[in-house]
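A.B. asks: Just so you know, the sequences run in chain order C and P. Under our numbering, the first residue of the first sequence carries the number 1, and numbering increases by one thereafter. Under our numbering, the first residue of the second sequence carries the number 305, and numbering increases by one thereafter.
Any given hint could be a false lead.
[As the list claims (entries may be wrong)] Computed beta-carbon distance windows for the label pairs: (1) C:A201 x P:V471: 33 to 43 Å; (2) P:P466 x C:L238: 58 to 68 Å; (3) C:A254 x P:V530: 24 to 34 Å; (4) P:L573 x C:S53: 15 to 25 Å; (5) P:T405 x C:A201: 24 to 34 Å; (6) C:S263 x P:V372: 28 to 38 Å.
Hints listed in this document are in silico derivations from the structure and should not be mistaken for laboratory results. Where is the CB? At the ideal position from N, CA and C, for every residue including glycine.
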Amino acid sequence: MEIPAVPKEVDWREFAVEQLIRLMGVSAIGLVLLIFLFLIKEGGPALLEVPLSNLMGQRWYPTFDIYGLAPLILGSLLVTAGAIAISLPLGVATAVFIGEIAPEWVREILKPVIEIIAGIPSVVVGFIGLQIVSPLVREFTGAPTGLTALTGVFLLAYMALPTIISIAEDALDAVPQSYRNAAYALSATEWQTIWRVVLPAARPGIITAVMLGVGRAIGETMTVMMVAGNAARMPLGLDALLRPVRTMTATIAAEMGEVARGSTHYHVLFVVGLALFIVTFAINLAAAMTIFRRERGGGGRFLA
Amino acid sequence: MKIPRYTMQKIAFAIITTAAISVGIPLVLVIGYIVAQGIGALSWEFISAAPRNGMREGGIYPALVGTVWLTIGTAVTSIPLGVGAAIYLAEYAADNWFTRTIRLAIINLAGVPSVVYGLFGLGLFVIFLRFGMSILAGSLTLGIMTLPVIITTTEQALVAVPQSFRVVNASLGGTTWQGIRKVILPQALPGIMTGIILGLERAAGETAPILFTVAAFFLPRLPHSVFDQTMALPYHLFVISTQVPGMPIRIQYGTALVLMVFVLTMNLLATLIRRYYRRRRQW
Chain C
1 MEIPAVPKEV DWREFAVEQL IRLMGVSAIG LVLLIFLFLI KEGGPALLEV PLSNLMGQRW
61 YPTFDIYGLA PLILGSLLVT AGAIAISLPL GVATAVFIGE IAPEWVREIL KPVIEIIAGI
121 PSVVVGFIGL QIVSPLVREF TGAPTGLTAL TGVFLLAYMA LPTIISIAED ALDAVPQSYR
181 NAAYALSATE WQTIWRVVLP AARPGIITAV MLGVGRAIGE TMTVMMVAGN AARMPLGLDA
241 LLRPVRTMTA TIAAEMGEVA RGSTHYHVLF VVGLALFIVT FAINLAAAMT IFRRERGGGG
301 RFLA
Chain P
305 MKIPRYTMQK IAFAIITTAA ISVGIPLVLV IGYIVAQGIG ALSWEFISAA PRNGMREGGI
365 YPALVGTVWL TIGTAVTSIP LGVGAAIYLA EYAADNWFTR TIRLAIINLA GVPSVVYGLF
425 GLGLFVIFLR FGMSILAGSL TLGIMTLPVI ITTTEQALVA VPQSFRVVNA SLGGTTWQGI
485 RKVILPQALP GIMTGIILGL ERAAGETAPI LFTVAAFFLP RLPHSVFDQT MALPYHLFVI
545 STQVPGMPIR IQYGTALVLM VFVLTMNLLA TLIRRYYRRR RQW
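Isolated chain C, as found in the complex (with noise of 0.2 Å):
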């Protein structure tokens, strides 16, 4: 047998690395189609055990095989909803104060603060949640328990926080300076400047930063299982914040441990667990739209 030439040898090994690469790289394809699959495999009984009427109810007794979705659905948005209106103004006025008006030693501090807060364990905060939070809701509002969808609300939207401000403060980062520099030349001020061109200017990145918000709040599990009393019932009327409520992920969270696999209840907490995923990557799949249109090829920047 011939000993192969040394360049040779390089380019055959130059060749098994680059598609070992290749296919590490294709893998995030496979991983997210695998997610769907297994959601798929082990929820779609749940869709041929279950009549539909029985999912679209309004009740959720999985005791009695009553699969109501309606109240956990609404929780989700609820304290969803809750949570953006909050962290939303709050979010996008800390971009600016980072981006625009505070000192470059402001900045070295507030940035750090908030990659901390997207690194507290939700755990930890939903802990908070019970011993700080909830006896001030219940000591203000007078509601019955501290354990309400307001509670939830709280802490989802300083949870969401970190993930509207770093994706809102890039969208103020990316308009030019050149905008800037034309309105001070009409003599605006700094704060007209910011008003009525940088925010109008970064308003397709601050959209994107509120889907990814959504997205984040409507996933988050071990917080509002913790804190938001976990009642499922239909959170209608006026006094519906101040209720126990359930989310959709608390719910898969609170019940799994506890099911035999393979029984129906089983199957429709996957059935819960694939809308979500649905909900989610219908929303991701907008927000990669909107930072794909202006930046071609990048788009990951946003993520970490």
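Here the structure of chain C is known, so what remains is to put chain P in place on it, guided by the hints.
C.D. replies: Chain P alone, transformed into the frame defined by chain C:
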């Protein structure tokens, strides 16, 4: 009446500054409060002994060890694949629809709720591949969840290496892979490490993905192999703060403090690496 525009600016800036401060203050308060309440629970016994008496006494040693093992397992599963995928995107991939599909997939992986990763891990690793509830199943689940963070941060670090380095490599007759291995990767290493640590930090604090794949409610011995269940710090904090009646508050705060220290140390490490190398970098 029209408000003078410089008065308007003062009002607006005051509101914005207040908003920014109100974002930072709860963090400082919460960390301070956890430290103040939890420091009293800390002792050598607390971090070196198993829980006793229905977890109301003793320490958190098995949970701490479990979280260390899970973090190592996450690193082993996510770093090779994540860095490989990032190298592909930064150094090999052309800008076409296929690459864009990969990027979309990564963005979507980053957005999948953590509890859905838990369901996926249960369906694939625990049941289909018959790993059972085990460190292996939990590490793989956390590893996949961490992938998008590692891929995006590593890609940024690779792209930041100036193009001239690649040109010089090619002009000396180096192949693409030789250039990556000998030039690009060493230059990008600090950035890659920062990203990896931030990804592992998030995995170490996660509860939802390990609920159905590895976490044990109470298991006072250490795991023997990757096929064993284990306790884990985040899940332990959840259990003792919601599932155990009559739990001493001191132990709850102590556990929260240890978890925070674990996670924030990793965060600090990442920040320090980034600061240090940014100052030393020649380009």
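A.B. asks: If a hint holds in the structure, say so; if it doesn't, say that too.
C.D. replies: Verification of the hints:
In this structure the hint that A201 (chain C) and V471 (chain P) lie 33 to 43 Å apart at CB holds, the actual value being about 36 Å. In this structure the hint that P466 (chain P) and L238 (chain C) lie 58 to 68 Å apart at CB holds, the actual value being about 60 Å. Between A254 (chain C) and V530 (chain P) the C-beta distance comes to about 28 Å, which sits within the given range of 24 to 34 Å. Between L573 (chain P) and S53 (chain C) the Cβ separation comes to about 54 Å, which falls outside the hinted range of 15 to 25 Å.
A hinted range of 24 to 34 Å for the beta carbons of T405 (chain P) and A201 (chain C) is consistent with their spacing of about 30 Å. S263 (chain C) and V372 (chain P) have their C-beta atoms about 35 Å apart, which keeps the hinted 28 to 38 Å range intact.
Going through the hint list in order, the structure does not satisfy hint 4, though it satisfies all others.
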